[in-house]
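Q: So you can see what is in the structure, the chains are spelled out below.
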Amino acid sequence: MITRLFRRLIWSVVTLLGTVLLTFFLLNAVPGDVARVIAGSKASPDVIKEIHAKYHLDDPVWQRFALYLNQLAHGDLGHSYVTDQPVAEALLTRLPTTIALTALAVVMWVALAVPLGALTARFRDSWFDRSTLVVATVSLSLPAFWLARMMQYWFAYKLGWFPIGFFRSFRDLLLPAASLAILFVGYYARLIHTNMVEVLDSPYIRAARAKGASETRVLFKHALRNAMIPVITILGMDVAGLLGGVLFVENVFALPGIGTLAVQSVFNLDPPVIMGTVLFSAILVVGANWAVDLLYGWIDPRIKSAS
Amino acid sequence: MPLLEIRNLQIDFGHGLKALRAVDGVALSLEPGKTLGLVGESGSGKSVTALAIARLLACPPAVYAGGEILLAGRDVLRLRAAELRQIRGGLVSYVFQEPGASLNPVFRIGGQIKEALQLHRPEAATDAEVIRLLKLVGIPAPETRMKSYPHELSGGMQQRVMIAMALAPQPKLLVADEPTTALDVTIQAQIIELLAQLRQQLGMAILLITHNLGIVGDIADDVAVMYAGQIVEQGPAHDLLQRPLHPYTQALMKSVPTLAADAERLTTISGQVPRLGAFPTGCRFHPRCPVARPECSQAPPPLAEVEPRRWVRCPYWNSPSLKA
Amino acid sequence: MNEFMRLTIRILLVIAVLLSCVPLGTSGEAAADLSNSSGTNASIPKRGGTLRLALPSDVSSLDPDFAFDTISAPFLMLLYQGLVEYDDGLKLLPGLAKDWSVSADQLTYTFHLRPGIRFSNGREMVAADFVFTLERNLDPKLAALTESFFEGIAGAKDFRAGKTPHVRGIRAPHGDTLEIELAAPDPTFLYILTLPGAFVVPHEAVEKSGVSFATHPVGTGPYVLKQWRRGGEMRFERNPFFPEADRQYLDAIEVQEGGDTTLHLMMFERGELDIADITQEPGIPVPDFLRIQHNPRWRGLIEDISAASNWYLLLNTELTPFDQLTVRQAMNYAIDKDKIVRLLHGTVIPAKGILPPPIPGFNPELTGYSYDPAKARQLLAAAGYPNGFACKLWLEAGNPLMEPAAAAIQYDLAQVGIKAQINPVTLPAFIDSSERRKTVQCGLTGWSQDYPDPSDFLDTQFNGSRITEEGCQNVTFYNNPKVNALFAEAATCPDVNRRLRIYQAAEQTIVSDAPVVPLFYQRVFALRQPWLHGVRLHPVLYFRFERMWKDQ
Chain A
160 MITRLFRRLI WSVVTLLGTV LLTFFLLNAV PGDVARVIAG SKASPDVIKE IHAKYHLDDP
220 VWQRFALYLN QLAHGDLGHS YVTDQPVAEA LLTRLPTTIA LTALAVVMWV ALAVPLGALT
280 ARFRDSWFDR STLVVATVSL SLPAFWLARM MQYWFAYKLG WFPIGFFRSF RDLLLPAASL
340 AILFVGYYAR LIHTNMVEVL DSPYIRAARA KGASETRVLF KHALRNAMIP VITILGMDVA
400 GLLGGVLFVE NVFALPGIGT LAVQSVFNLD PPVIMGTVLF SAILVVGANW AVDLLYGWID
460 PRIKSAS
Chain B
3 MPLLEIRNLQ IDFGHGLKAL RAVDGVALSL EPGKTLGLVG ESGSGKSVTA LAIARLLACP
63 PAVYAGGEIL LAGRDVLRLR AAELRQIRGG LVSYVFQEPG ASLNPVFRIG GQIKEALQLH
123 RPEAATDAEV IRLLKLVGIP APETRMKSYP HELSGGMQQR VMIAMALAPQ PKLLVADEPT
183 TALDVTIQAQ IIELLAQLRQ QLGMAILLIT HNLGIVGDIA DDVAVMYAGQ IVEQGPAHDL
243 LQRPLHPYTQ ALMKSVPTLA ADAERLTTIS GQVPRLGAFP TGCRFHPRCP VARPECSQAP
303 PPLAEVEPRR WVRCPYWNSP SLKA
Chain C
2 MNEFMRLTIR ILLVIAVLLS CVPLGTSGEA AADLSNSSGT NASIPKRGGT LRLALPSDVS
62 SLDPDFAFDT ISAPFLMLLY QGLVEYDDGL KLLPGLAKDW SVSADQLTYT FHLRPGIRFS
122 NGREMVAADF VFTLERNLDP KLAALTESFF EGIAGAKDFR AGKTPHVRGI RAPHGDTLEI
182 ELAAPDPTFL YILTLPGAFV VPHEAVEKSG VSFATHPVGT GPYVLKQWRR GGEMRFERNP
242 FFPEADRQYL DAIEVQEGGD TTLHLMMFER GELDIADITQ EPGIPVPDFL RIQHNPRWRG
302 LIEDISAASN WYLLLNTELT PFDQLTVRQA MNYAIDKDKI VRLLHGTVIP AKGILPPPIP
362 GFNPELTGYS YDPAKARQLL AAAGYPNGFA CKLWLEAGNP LMEPAAAAIQ YDLAQVGIKA
422 QINPVTLPAF IDSSERRKTV QCGLTGWSQD YPDPSDFLDT QFNGSRITEE GCQNVTFYNN
482 PKVNALFAEA ATCPDVNRRL RIYQAAEQTI VSDAPVVPLF YQRVFALRQP WLHGVRLHPV
542 LYFRFERMWK DQ
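Residue numbers (this note's numbering), protein chains in the order written: chain A, 160 to 466; chain B, 3 to 326; chain C, 2 to 553.
By construction, these hints were calculated from the structure, which means they are not laboratory data.
Treat the hints loosely; a few may be bogus.
Unchecked claim - Where chain B lies over chain A, by a calculated footprint (3+ residues, C-beta under 8 Å):
(1) 310-323
(2) 391-404
Claimed, not checked - Some but not every residue of chain C turned toward chain A, in silico, with C-beta under 8 Å:
(3) S62
(4) G259
(5) E273
(6) K340
(7) T427
Ideal Cβ placement from N, Cα and C applies to all residues, glycine included.
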């Protein structure tokens, strides 16, 4: 157990360092002078020179990387070149929005995908199962940006049921979260369906029925937890994909979260903020893997004692 | 009144032209507190019959095509879902072949037993009752064992837990579907002994499904032998085992493994169990029957009471070649 | 299937219960108030109300030394003031200086400050604050973004080189008198004083806040920043120390940061914003432009003004084949500007020359080029390219004006045998490459004014004596000694009319030498709600929120 944890830890650190290294050098290879970005197209050579000096832009790239790592080691993510805001502060002030959006979306899609997946498995090949399969396949292939914009256009702009954009109250999150949820609900409904079909054929389900357990109890107590075991793994791996969806949805609905920060930093070519958002995402993905591991042990007792 | 009475049960797999009959006119009867052994090779329809008693077959593909299953006088095949849930566990409990797979891997065994109590005896759904049940089936240190997950127990222990779970609602009938097949030989004997002892103690009836005639003798009052969806012979256990009348039963007897016998020398029945839907015409056993005659492939033989309480589906049971 | 129905109903019930915990109220309010309520009272300004705006990208800074972009400009005008300011047109009026005089040698400007002006922190403003402000702007350690505009002040170069602790040419002889001495006469100097870098800031607030002055601004403007959630929401409220009530009609100005123009237009159409778009891009998203223009609901509510910005195709005069005059002229004849204007739904004005209409010196009589592909082919043949040639056409990827234009240009050039390969790059890469010598063969770019003077368009971009190896704003590397001499003459010419005529002559020569294909001049549009007034766009500043008011 200890060696496994230790290996995990090493792996996580290597992943994060690799991400930082790769992003740093990729950014370095992007054509265009960062000082230009800061100063605008008309800045004089003097201004450019001053900015180069201020941000050590003329130092060799390895030296700058070392400087950045040293900074990171001291918990400092640096300042935005464009706004001068500390990157950590920018991330932290935007984090609650992203968390609220994601959490609401996950709740929505789990609340939909679990019953859908369970019921289509229980009543497989019925009209209900077939139509759900069609809807799921469609929802799976929807582009995130397009879907978010359509939801916004119809339910906010045309019908006026929801606010169009920005984040002022909880209500502003409903439509964005629903857009995000729709992107995933089809896939997860099918995933749960597939696992459910397998689980429902297992002897312990027959044993539960033989005990006199009701169908609801059989489905949602005995079968679901077993069917969720592979789902949790996929969910952990999907965190990266989820971040992509968050990025689009936040931008369409103008929510001040990590996704809009990431997009803006790329448009601004603001290296410290780009590094910050990438590092944040990497930590999230690594963290999700840890969480899945822990969750796994909790949901499937066989894992815990095997390790 | 018998506790269980099955009349002319017919079960198909599939519908219409594609329907394959797995159980074809089975009739059984079991008095309260008695034990009936239902014996046959796999594919004979014995497990299908057993599962039908609490309507546990998955429909589709299974179809209850005809007959009646009277359990304490009520036809199980006509019950509504809620009534059925009362019967399941409450009146008839099951112990299945693979205890490891029949216990839910993600719940503690104590919880699984307690669930059975909650469903039928909510007033008794306590740790104390769970511990009592675990003790009853001979599980050491039940206070700690009840917190175990199924995978932490051995196969024999798992089957004891299954039995405890089945007994928890105090059923009148325990259906044990090949309860020992997946277990070591020594464990098998322990489990059979446990079942016999529990029947003595609790007075419930047992329907024991097995392919092993040997274990039937230890426990059953009556025995029914199934082949290709039909009962081919039925009678009091002692009598039937001493003097099997049907050629199939005789062949089965020869293949019984005993603790004393060397496994190498076991006779197996030649030929294969016919596939569902490919049953031969006439007597379904005739292609494998060592004493078959040309007539056997013509008309299907009826199940006839040839002696008091002795039923045989073979018109030639009394012929000299069979007695020899 | 009754078991199925029962389960389904149970699950739907659970979902219904869960959802009922969520406040699903509809926004209800009918978006369209068709009756144009501006009616009779529109001319009498009212106090009160909140102006609701949205911005597509975050305001980077509210420090006047760093917020040198079009997005933050109108917000700086809420917070700060300079010595001089524009009237509704291009005339300069007294701002914080109540009057000024210029010495006979055109070198020394003496400003007398208005008495009783206070910063929003309550302290009275004095001449020394301007000394601090301008020296801060010039301080190389600060790396301010606008400093180059003030390098013409006497002693500024020495100060920037660290040779002197103060700038010799900036003096405060009395509390209410400010003297600025230039190294050389500059007719545009007063215009330069309207730029954010000259907006006065109090030294104590700057020193106290340090870098966070960008988010905790203090100035003498009509409004103060009340709250700013970075990347979220900005709120401005009245500055209680501001003396003039006619710049403070609105109680507050609320700005949502984020979203794109499409989102903003949707919000506007549902009545959630008072102005559709306040960027100085076309203002209304080009695809929506026709729809909005033809919707009777918005009749009379679209404000527009000719912007002081132009777009052109640069031809690098140092690289073949554009080193040949005939080829450059052929390019001018080959491109149909009217088609580009139609592609952009008429949101722009076709250009003949360099100077846009609002800039003094704009010349309607200029001789330009007509669309004449036959002539273009003829010139190409004369230049030795009867079958045309291939070239790489650079542009900023994703630019909503340049991408359609590039497609049209590529088509037109193909008609005369020139195969243009479109090369979209990021904006920083475009700037970097185009300002590097002998790098970009041809490309689409533009210029927008810093201050309304022809020098800002001509001298900056077409003066051959300013050519450098990199960071060169003369992106065509055009070098005509005759034109250079005209620029030198105009730079110090005190006679306004003569100066404009010199620039017009220079412009005509440049157009004839054809280092660029002028494409179009931009217009700025703003769509307002019927209840918002005083929106009239300014030719330089465009949006002046401090002059707007709302019906109650």
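Q: Which numbered conditions among the earlier hints are violated in the structure presented, ordered from lowest to highest?
A: The structure breaks hints 1, 2 and 6; every other hint is satisfied.
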